[in-house]
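Enquirer: Listed here are the chains, written in short residue letters.
2 protein chains.
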Amino acid sequence: MNKGEMTRQRIIEEAAPIFNQRGFVGCSMQDVMEATGLEKGGIYRHFESKEELAAEAFKFAIGEAFRVRRQGADAIENRLERIKYLVRRFVDVPSPVPGGCPMMNAAIDSDDGNPVLRGLAKEAIADWKKRLSVLVREGIERGEIREGTDPRRISNVVVAALEGALMISRLERNRTAVQDAAVVLEGILDGIAV
Amino acid sequence: MNKGEMTRQRIIEEAAPIFNQRGFVGCSMQDVMEATGLEKGGIYRHFESKEELAAEAFKFAIGEAFRVRRQGADAIENRLERIKYLVRRFVDVPSPVPGGCPMMNAAIDSDDGNPVLRGLAKEAIADWKKRLSVLVREGIERGEIREGTDPRRISNVVVAALEGALMISRLERNRTAVQDAAVVLEGILDGIAV
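The listed protein sequences derive, respectively, from chains A and B.
Here the numbering used here runs 40 ahead of the position in the first sequence, where the first position is 1.
Here the numbering used here runs 40 ahead of the position in the second sequence, where the first position is 1.
None of these hints come from the bench; they were simulated from the model.
Watch out, some of these pointers could steer you wrong.
Said to hold, decoys possible - Straight-line Cα separation of at most 30 Å, DSSO-like style, residue types lysine-lysine; simulated pairs: (1) B/K170 to B/K124; (2) B/K124 to B/K90; (3) B/K43 to A/K162; (4) B/K124 to B/K169; (5) A/K162 to B/K169; (6) B/K99 to B/K162; (7) B/K90 to A/K90; (8) A/K124 to A/K90; (9) B/K90 to B/K169; (10) B/K124 to B/K162; (11) B/K99 to B/K169; (12) A/K124 to A/K80; (13) A/K170 to B/K124; (14) B/K124 to A/K124; (15) A/K99 to A/K162; (16) A/K90 to A/K162; (17) A/K124 to B/K169; (18) B/K90 to A/K124; (19) A/K80 to A/K43; (20) B/K124 to B/K43; (21) B/K90 to B/K162.
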């Protein structure tokens, strides 16, 4: 990275928690200027608009969340065990960028207006569900997951239960809901084992 | 209701979809003035602050969502069947105030600042979970639900799966995720039947 690219990356990383905590409307360029110590012109040299910076900040936040939670997963050969490990990681390892799950934030925040952010949140959820579906399909092929299991339904329920539980846990400020979701999801996953 | 109370109620009902769609920061008093056709002074005659109006708008939106989805539930004596009916209603009957689930919106929107709205969202989720827990406990007493079933875990998972699925459905703009959640929840509920 050259100096310009490094500055751009630093702005993204410093803006990410502000956008993730306050939302697109609630995060002003003034906030980003204060966090980075840069003038407005210094920021707009690297981004065409607030929209572009918000999109990059979201991509960084979601990338970090996936990265830390996937750590160690590929070492687990059995696909059903790998899915269970990913569920457990989601519960045990918080999203590293402050402000909660970037996908949920972007989904709600972008619902009215901001089609770029909405598109990115939609892509992120499609990506997550696809990864889970592939694991289910591979598990069936490898004889680890019962034939006839619906990959789409399993992915939808894993993502829904975890994200919904996260919402409850955010409100209650404790881990009970995500722990409960993990226990029930483990039961569901044990139910599709061969 | 006298004329003042009627105007107050009308402002709440007309502000509710704007707050629910755009969030607290994204809904300006200008928006409320346009929706109601009232001057700023005419609105502030009925509410001390934007915060108070937002709180009343949230209470109205969540009240409507609970009301339409609970319709017909009390006629079902069997508590497990009643829970299954409530799950089905949640999937089939959209929240009547535009902008999606008010609880999810308030939970995310109020996460940074706005403690009043946060408190109301927390109360709403506690209320929903308590109603479900009571049904599980009564079902156990009536011999319809298996002894040893954990009411808290069942409530957490029903609420989490439905809310999380709603988030996916909002992004995907189809009903697949909530339908999938309902099917899996029915399986879980059948699993605790006596």
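Enquirer: Hint by hint, note whether the structure agrees.
Expert: Structure-based check of all given hints:
With a C-alpha separation of about 16 Å, the suggested pair B/K170 and B/K124 falls inside the 30 Å cut-off, and the hint holds. A threshold of 30 Å between alpha carbons decides the hint, and for B/K124 with B/K90 the separation of about 38 Å lies outside it, so the pair is violated. Distance check on the hinted pair: B/K43 and A/K162 sit about 46 Å apart at the alpha-carbon level, beyond 30 Å; violated. Distance restraint check for B/K124 and B/K169: the Cα-Cα separation of roughly 15 Å lies within the 30 Å cut-off, and the hinted pair is therefore satisfied.
Among the hinted pairs, A/K162 with B/K169 is consistent with the structure: their alpha-carbon atoms are about 29 Å apart, no more than 30 Å. Distance check on the hinted pair: B/K99 and B/K162 sit about 12 Å apart at the alpha-carbon level, within 30 Å; holds. Under the criterion of a C-alpha separation no larger than 30 Å, the hint pairing B/K90 with A/K90 is consistent with the structure, at around 26 Å. Distance hint between A/K124 and A/K90 is unfulfilled; the C-alpha atoms sit about 38 Å from each other, more than 30 Å.
With a C-alpha separation of about 29 Å, the suggested pair B/K90 and B/K169 falls inside the 30 Å cut-off, and the hint holds. For the hint pairing B/K124 with B/K162, the CA-to-CA distance comes to about 24 Å; that is within 30 Å, so the pair holds. Between B/K99 and B/K169, the direct Cα distance comes to roughly 17 Å. Compliance with the 30 Å bound is thereby established for this hinted pair. Simply put, A/K124 and A/K80 have alpha-carbon atoms about 46 Å apart, too far for the 30 Å limit, and the pair is violated.
The hinted pair formed by A/K170 and B/K124 meets the criterion: a straight-line CA distance of about 29 Å does not exceed 30 Å. For the hint linking B/K124 to A/K124, the alpha-carbon distance of about 27 Å falls within 30 Å, and the restraint holds. A distance of roughly 12 Å separates the Cα atoms of A/K99 and A/K162; the hinted pair therefore holds under the 30 Å criterion. At roughly 20 Å between alpha-carbon atoms, A/K90 and A/K162 fall within 30 Å of each other, so this suggested pair holds.
For a cut-off of 30 Å, the pair hint linking A/K124 to B/K169 stands: about 26 Å separates their Cα positions. The suggested pairing of B/K90 with A/K124 is violated, with an alpha-carbon distance near 45 Å, which exceeds 30 Å. The straight-line distance between the Cα atoms of A/K80 and A/K43 is roughly 18 Å, inside the 30 Å bound, and the hint therefore holds. At roughly 42 Å between alpha-carbon atoms, B/K124 and B/K43 are farther apart than 30 Å, so this suggested pair is violated.
The straight-line distance between the Cα atoms of B/K90 and B/K162 is roughly 20 Å, inside the 30 Å bound, and the hint therefore holds.
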